[in-house]
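Chains A, B and C are the protein sequences, given in the same order.
All you need for our numbering is the position in the first sequence, starting with 1, plus 167.
All you need for our numbering is the position in the second sequence, starting with 1, plus 10.
All you need for our numbering is the position in the third sequence, starting with 1, plus 1314.
Keep in mind that the hints were calculated from the coordinates and are not lab data.
Check the hints yourself; a few may be wrong.
Said to hold, decoys possible - Lysine to aspartate or glutamate pairs mimicking EDC-like chemistry, simulated, CA-CA at most 16 Å apart: (1) B:230 <-> B:515; (2) B:43 <-> B:172; (3) C:1340 <-> A:239; (4) C:1340 <-> A:224; (5) B:436 <-> B:515; (6) B:17 <-> B:118.
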Amino acid sequence: MPSVEEFLVVGAMLFAMGLVGFLARRNLIIIFLSTEVMFQGVVLTAVAFSRMAGNLEGQLYALFLLVIAAVEASLALGIVVLLYRRKGTLDSEVWSMMKG
Amino acid sequence: MDPSTVKWLGTMVLLGPLLGAVAAGALGPAWLKARSHWAAIAGVAFAFICSALLFVRLPATSGLESHAPVLNTMPVSDPDAVHAPGSAADAARRGGPPAASITVPVYDWLPRTVAYSPRSGWFHVEYLYDGLTAIMLCMVTFISLLVVIYSRDYMRDHDHPERGYERFFAYLALFVFSMCTLVLGGNFLLLYLGWEAVGLCSYLLIGFYYWKPEAAAAAKKAFLVNRIGDFGFGLGILLIYLTFGTLQYDEVFRMIAQNQALSGPLETGRLTTIALLLLCGAVGKSAQLPLYVWLPDAMEGPSPVSALIHAATMVTAGVYMMVRCGAIFAASETALLVVACIGAGTALFAATIAMVQTDMKRILAYSTISQLGYMFLAVGVYAAESAIFHLFTHAFFKALLFLTAGSVMHAMGGVIDLRRFGGLRKMLPHTFITMAVGGAALAGVPLMSGFFSKDEIIHHAFAYHWVFGALGLLTAVLTAFYTGRMFFLAFYGEYRAPEGVHPHESGPWMRWPLTVLAIGAAAAGFVGIDLVFGRPLHGLLAPAAAPFHAVLGAPHESGGFLAAYGLMILSAALSLAGIGAAWFVFVENAWIATLTQHAFPRLYQLLWEKYRVDEFYQAWVAGPLWQLGRLFHWLDDYVVDGLVWLTASIPKLFGLGARSLQRGALQGYGLTMTLGMMALLMLLLGFAI
Amino acid sequence: MTEWVPYALYVVFAFAGLALYLLLPKRGAVHGVAGGVIALAALTGLVALLAFGLSDSPTLTFYALAVVAVGGTGRVITHTRPVYSALYFVMVVIAVAAMCLMMAAEFLAIALILIYAGAILVTYVFVIMLAQQEGAAPAYDRFSREPLLSVCAGLMTMAVVSGQAVKAVQQRQAVESAGLSGVGSARLAAGPGLFQDVEGPPPSPNPASTGAAEGAYPALPPPTHAEEVGGLLMARYVVALELGALLLLVAMAGAVAISRKRIPAEGPEQKPVEAGASGRRVVPF
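Starting from the given sequences, assemble the full structure and let the hints guide the process.
Printed below as a string of structure tokens:
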């Protein structure tokens, strides 16, 4: 049986790699997909801590996290569609009108 | 007089019209529509019934005997306690005369925790109820009721409600509420509240036809001119608060009676200043000499509004206020002299203008100014009761005159210029008769209401100084003349009417109020003369007018037939002579008028152009102010804005280099944020596990 | 845990980062082969480290899942075609769900698969279809922005998060094994794994009675795990649950509102309107 630390290390890796994707990719869809990967890392970590503490709190946090993820996905994808209709491209670099 | 009765009935008086206004305003547009008048009629009628109930509970005071100052002498220590040391039961126990004035706290509006004050709270809502309040309340609600009923038909065109029908009734009911607040309020702040609220209603109603540019301009003018007066009025109230530490009537008057201010004894100069500042407000609201210019233009509003607000009630608020603050005014001889001069001057001045105008409502407006001048004169010569007496009778006959003028206007299809119609006697018999009664009362035909009150004022003016009396008499002649002129031009001579107009008598909704008012205009004078019951009106007013008597002594009938009745006969003769002259000039020999007009072209022109006061104000007051405004506008545009630009451009300069770092890409910000945050976390938490 | 583990962990992270950098689409040569080799090395290192450095009882299932999850994530963020990214993401989700199952979070595992693989992914695929580009992958899929710095930031995050998480666990275990904390100190020490517990008798709800299982994994919830979760949701977290429901409702309304809006299409080459081009416009800043 793996120990808690192992789960935590895997969770941290998922989170950080998702972050890399979020920062480095330019496709709006992949950017949001990366955030979903980050959510996976967080879910894993929360469940691992829940297991460690021996209660269900962490799992419930993860459950609410799912709710947030669903909300985020629906709204974010709606916005992505909107942005795509506006400019005809999914490139995130296009949306840089607030430059100094 | 039971305090809780006053409290509850007074609240009812206020709530009735307020609810009526809210109902007409809120339900009117969607639901009541052409029935909106019922909301206002119900509210005002309720207020009138409550006022009447209050009135009958007012104990009968024994005439002029009780002119000793009946002021509240107990300091207010507990605001919740009903302090009525002079209540009826109390007085009965002491065996003294029945109470004449009562102050009833209703609730604490601002408790002590909010504002510092020597008293327990800063602003109490409280009622002051005495004979003056009773008369004013009944008069205001009664006339309002008649006017509201009259408006039901007036505001319709062939039984089709005019545009803004419900708005009109909402404003009218709101006005009644404001006026009742003004009258019933027991301290200066409530007075000010009512004062401004009636000003607002006046503004709204003058500008009722806001799509007409003249109406909009007239409303603006009325509001601005009133601002000038109200500025002084507000300063006066502030000075009262600074001087006495309270705004409650009873307290202030008691302190004046004891010659005591918040810090040390009271100075007469301070009191004179207060009186003059309050006078400022009265001059603005009651359209007296420097600030009268708004009233003639206010005739742009619908005729019922002119009748109610700009003749019967609101414009008399200044007179009411001066009588109410009798303790302040009577204590300052200078202030009262100024009041008398303003009053006499305005009376004569406005009467001369009224002689040549051709717009029926404008003639009545100048006549109103002139009559208000009489009331000011009366206050100025220490005859407060006569002022209120005249106010009372004037309310009836002037409301009647305006309503009949409105009736003529209604019949003439909106035309009110005397040059365009005439000889309407046969066409509008009811209007003709009622206006005859109103005109007779205004002109001072013997035994009509205006005769008694005006005569009393002239009597007192002569007693004070013969100049004022003479001015009063002169004005009386002119009044009779221009009233006769207006009446004869409209109803005598050969029949003329604007083209396409078929004059018809108006319906019962308009006729009945006119009839009632005509009866009032004919008979209202008898409440103020010594017939059977003494002088009931004066008896009621005695407590309020006590400060004036305290200075001059009680008015007494000096002996001798000639002294007592000579003046009366003289003024009756003069008034009849004025009417006769008008008949002679405008009905019998119309050429005289034309001849006179051509004989004195300069004088006629001056009067026709109303002494060019408006032009004078435009050139010397409004013009420079306008230029000053342009200057400030320029300053704001270039100097202030320039400074702002300068201030803004300095950080912009500093930002020149740094802003290229802002690339506007969200992920770039995310990247740097993550790098920085993680570096910080590593530093804080350490690298190793 | 021995002293070398953190440093080995960092080395593995560094390898993973290098592989990510090589595999991220960017200008110039794409080092697909080298990246793949290094990624394989990093994954092997990770498994080895987990097995020999952190685990008391190595479990093959878990390592397989870990490799799938980490490797899948790598593909999600490096693939040039969004559809494939989405499919790899499904893989990651399934692996994570399986790991949750290992930690006795059955309800959550099922919910993850239902919601992510079932609902969210479908939405993603719809959007990808809507925004499909003709022909080869467009430039924004072929070139990353700042790959090196991003990988650096990712490495730092990895190090900080995993390091702190492991540190927290170990500190707590140290504290509780020293008996300083009374409740549940015995439940945290290493002990029989998940499957053993599931097969064994249901533990008593009273934590004190589990003291016999010295050094055991924390006591498991009763077999009806979903019941427990549901009970907790309906009791202690009922407000949060309702708020979550409300949030979902609002999000639905918002999504409808957003997508109903008619947006005039601007060409991608269209310049933004120059501010202050005409009229009296105040542009002080």
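Comparing the hints with the structure gives:
For the hint linking residue 230 of chain B to residue 515 of chain B, the alpha-carbon distance of about 34 Å lies beyond 16 Å, and the restraint is violated. Between the alpha carbons of residue 43 of chain B and residue 172 of chain B the distance comes to roughly 10 Å, so the proposed pair stays at or under 16 Å and holds. For a cut-off of 16 Å, the pair hint linking residue 1340 of chain C to residue 239 of chain A is broken: about 28 Å separates their Cα positions. For the hint linking residue 1340 of chain C to residue 224 of chain A, the alpha-carbon distance of about 42 Å lies beyond 16 Å, and the restraint is violated.
The suggested pairing of residue 436 of chain B with residue 515 of chain B holds, with an alpha-carbon distance near 10 Å, which does not exceed 16 Å. The suggested pairing of residue 17 of chain B with residue 118 of chain B holds, with an alpha-carbon distance near 14 Å, which does not exceed 16 Å.
Checked against the numbered hints above, the structure breaks hints 1, 3 and 4 and satisfies the rest.
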